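> Let's have the full structure, built from the sequences with the hints guiding it.
2 protein chains.
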Amino acid sequence: MTKKIYLAGPDVFLPDALEVGRRKAELCADHGLQGLFPLDNAVALAAHDASLQIFQGNEAMMNDADAIIANLTPFRGPSADAGTVYELGYMAGRGKLVLGYSNDPATYVERVARFETIETRDGLLIGADGLAVEDFGLADNLMLIHCLDLHGTPLVTPHAAPADLWHDLASFTACVRIAAQRLGPKQAR
Amino acid sequence: MTKKIYLAGPDVFLPDALEVGRRKAELCADHGLQGLFPLDNAVALAAHDASLQIFQGNEAMMNDADAIIANLTPFRGPSADAGTVYELGYMAGRGKLVLGYSNDPATYVERVARFETIETRDGLLIGADGLAVEDFGLADNLMLIHCLDLHGTPLVTPHAAPADLWHDLASFTACVRIAAQRLGPKQAR
Chain E
1 MTKKIYLAGP
11 DVFLPDALEV
21 GRRKAELCAD
31 HGLQGLFPLD
41 NAVALAAHDA
51 SLQIFQGNEA
61 MMNDADAIIA
71 NLTPFRGPSA
81 DAGTVYELGY
91 MAGRGKLVLG
101 YSNDPATYVE
111 RVARFETIET
121 RDGLLIGADG
131 LAVEDFGLAD
141 NLMLIHCLDL
151 HGTPLVTPHA
161 APADLWHDLA
171 SFTACVRIAA
181 QRLGPKQAR
Chain H
1 MTKKIYLAGP
11 DVFLPDALEV
21 GRRKAELCAD
31 HGLQGLFPLD
41 NAVALAAHDA
51 SLQIFQGNEA
61 MMNDADAIIA
71 NLTPFRGPSA
81 DAGTVYELGY
91 MAGRGKLVLG
101 YSNDPATYVE
111 RVARFETIET
121 RDGLLIGADG
131 LAVEDFGLAD
141 NLMLIHCLDL
151 HGTPLVTPHA
161 APADLWHDLA
171 SFTACVRIAA
181 QRLGPKQAR
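As they're listed, the protein sequences go chains E and H. Numbering-wise, our numbering puts 4 at position 4 of the first sequence, and it's gapless, one number per residue. Numbering-wise, our numbering puts 58 at position 58 of the second sequence, and it's gapless, one number per residue.
Keep in mind that the hints are not guaranteed to be accurate.
Which copy? The list can't say, so a pair holds if one copy fits it or any two copies do.
[Stated by the list, open to error] In silico lysine to any residue, SDA-like type, Cα no more than 20 Å apart, as pairs:
id, residue 1, residue 2
1, Lys96, Val109
2, Lys96, Glu59
3, Lys96, Ala60
4, Lys96, Ala161
5, Lys3, Asp64
Think of the hints as simulated: they come from the structure by calculation, not from any bench. Computed from a predicted structure; not experimentally measured.
Take a look at the structure:
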């Protein structure tokens with residue numbers, strides 16, 4: 001049976017989200033996998049319980065999927081999109097294969113420094129909020145990064161950020177290739 | 001047996017993190033619960049694999065816990081701390097009771113507007129990055145909020161943000177009270 005991949009990411013917020021989802025699903029199909037894109041769930045946005053319907057649709061898709069490929073490119077701040085991170089955790093908790101990529105290869109410290117001044121106090125990096133800045137040379141919070149290391153495959157990043165951070169699918173495609181190998185290479189072509 | 005609560009939050013990055021963890025654990029004990037605070041895991045920060053040790057310690061704690069209380073107060077941007085959100089998802093995936101609070105009661109749209117100008121295009125709110133701003137009147141991404149609604153109890157928030165966003169434990173205490181009721185009221189005192 002064709003293995004299913006839940007396609008998580010802030011891609012759903014793009015103006016051309018449906019087209020991006022279609023391209024991602026095509027790339028999955030090229031590797032013998034079925035991509036499940038959140039916007040495939042039909043929800044009337046004007047419905048009074050639209051957000052709840054979206055949650056329930058996404059959760060059902062995740063329960064149905066064998067793996068997740070999470071777009072962990074930083075979103076409105078130094079870290080990945082909260083909804084995507086939630087879904088990464090949920091899939092790890094369910095014991096599914098977890099993969100992720102970030103089109104921005106910068107470390108967390110470099111990312112925080114784009115938004116605020118970081119001070120050094122007693123050998124610790126401290127952000128503008130007075131809270132410590134995680135400094136392990138990782139791209140994001142250690143929980144996300146090591147989740148991928150231990151329950152899937154290390155975060156996939158390009159050597160340099162691509163010109164189009166939200167449409168370049170090279171690192172996504174690398175994740176698809178790994179997922180195909182891990183979930184049954186016989187289905188890859 | 002005493003039920004265990006995993007105490008998730010960016011509290012670990014506070015200068016007085018150990019003291020905050022101690023207060024949170026005390027509040028749990030007052031309600032017949034055992035609080036598990038991430039910094040209770042002894043890790044030598046200078047170790048070459050310190051971040052991996054922290055991940056493994058936190059994951060073991062979560063597997064051991066009956067519930068999570070997540071501090072979802074926005075952290076370095078409009079959304080909650082990525083590590084905390086990951087842990088919320090992980091615990092939901094494991095079928096554990098999930099509770100969360102935010103000391104900032106603002107909606108996601110209000111939070112985004114603090115950092116950037118939001119435009120309206122074709123009836124949709126669009127952020128400075130050109131991506132849509134979720135507009136369901138919720139405090140954060142719908143995945144987090146409805147996870148709490150369906151797998152625990154709705155997000156706990158104060159009517160107004162407290163003077164000390166990172167040390168006020170009123171909403172945390174409300175979560176502890178709910179957890180005690182849900183996990184076995186006989187142990188509450």
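> Evaluate each hint against the coordinates.
Cross-check of the supplied hints:
1. Lys96 x Val109: Neither: 29 Å inside a chain and 32 Å across chains, both beyond 20 Å.
2. Lys96 x Glu59: both (13 Å within a copy, 15 Å between copies)
3. Lys96 x Ala60: both (14 Å within a copy, 17 Å between copies)
4. Lys96 x Ala161: neither (28 Å within a copy, 38 Å between copies)
5. Lys3 x Asp64: Answer is within; shortest intra-copy Cα gap is 10 Å, inter-copy 31 Å.
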